[in-house]
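**Student:** Same order as they appear, the protein sequences are chains A and B.
By our numbering, the letter at position 92 of the first sequence is numbered 92, and the numbering carries on one by one without gaps.
By our numbering, the letter at position 34 of the second sequence is numbered 34, and the numbering carries on one by one without gaps.
Incorrect hints may have been included.
Part of the chain A face toward chain B, derived, beta carbon under 10 Å [stated by the list, open to error]: (1) Lys65; (2) Glu67; (3) Ser69; (4) Tyr86; (5) Tyr96; (6) Pro98; (7) Phe100; (8) His109.
Cut-off 20 Å, straight-line C-alpha distance, at most; resulting in silico cross-link-like pairs (EDC-like, lysine to aspartate or glutamate) [said to hold, decoys possible]: (9) A:Lys9 x A:Glu79; (10) A:Lys22 x A:Asp81; (11) A:Lys65 x A:Glu79; (12) A:Lys9 x A:Glu54; (13) A:Lys15 x A:Glu67; (14) A:Lys22 x A:Glu32; (15) A:Lys9 x B:Asp40; (16) A:Lys22 x B:Glu62; (17) A:Lys57 x B:Asp40.
These aren't lab readings, by the way, just hints derived from the structure by calculation.
For every residue, glycine included, the Cβ atom is placed at its ideal position computed from N, Cα and C.
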Amino acid sequence: AQRVTQPEKLLSVFKGAPVELKCNYSYSGSPELFWYVQYSRQRLQLLLRHISRESIKGFTADLNKGETSFHLKKPFAQEEDSAMYYCALNPSGGSYIPTFGRGTSLIVHP
Amino acid sequence: DSGVTQTPKHLITATGQRVTLRCSPRSGDLSVYWYQQSLDQGLQFLIHYYNGEERAKGNILERFSAQQFPDLHSELNLSSLELGDSALYFCASSVTGGGGELFFGEGSRLTVL
Numbered sequence: 001a002q003r004v005t006q007p008e009k010l011l012s013v014f015k016g017a018p019v020e021l022k023c024n025y026s027y028s029g030s031p032e033l034f035w036y037v038q039y040s041r042q043r044l045q046l047l048l049r050h051i052s053r054e055s056i057k058g059f060t061a062d063l064n065k066g067e068t069s070f071h072l073k074k075p076f077a078q079e080e081d082s083a084m085y086y087c088a089l090n091p092s093g094g095s096y097i098p099t100f101g102r103g104t105s106l107i108v109h110p
Numbered sequence: 001d002s003g004v005t006q007t008p009k010h011l012i013t014a015t016g017q018r019v020t021l022r023c024s025p026r027s028g029d030l031s032v033y034w035y036q037q038s039l040d041q042g043l044q045f046l047i048h049y050y051n052g053e054e055r056a057k058g059n060i061l062e063r064f065s066a067q068q069f070p071d072l073h074s075e076l077n078l079s080s081l082e083l084g085d086s087a088l089y090f091c092a093s094s095v096t097g098g099g100g101e102l103f104f105g106e107g108s109r110l111t112v113l
């Protein structure tokens, strides 16, 4: 069965500092990986997906199949980045169960 | 607005009772997923329906059941409620039955007293 691990429950940084939210996964096939974000009082929404290889709001994430990781990075954090971030995995076959990590709360201090 | 609507937003009930949570997916989306989020827990997958048929089932308790209707809305029924069932229940929808982005509702917060 697939698994997504986000080792940090909370990440606290100051504005302008680099930020990296870690995500490791366990899956035998070729997964589709996502980062979802939930800002205060808003619903969970997609931030980015690995197949797009794009930067959204300054965030990037690279899929490292060797290390089975999909860490989310931003070189200069902003206060508006404060939110809950979830890493998610879509399996490529079998019973289709999108699996989410436990989430990392990012707090960016002024 | 993602278009996924969930009702009710908040629900307070007593142990032993039964509740029904409702989800309307985005227009055109055929898949509906239900997730449970308890305190300090991530999103725990409950069940997935695609075009009216159950596609996958997670660690859903026998006291819980769900269905997707011909108009594609879905209901999650929780019975013989226990204190530990208190959680935020999310519904998400997607266009297909596999792969792609999930669109989430705002969730239904259930409190069992």
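**Student:** Which hint numbers doesn't this structure obey?
**Tutor:** 1, 2, 3, 8, 11, 12, 13, 16, 17
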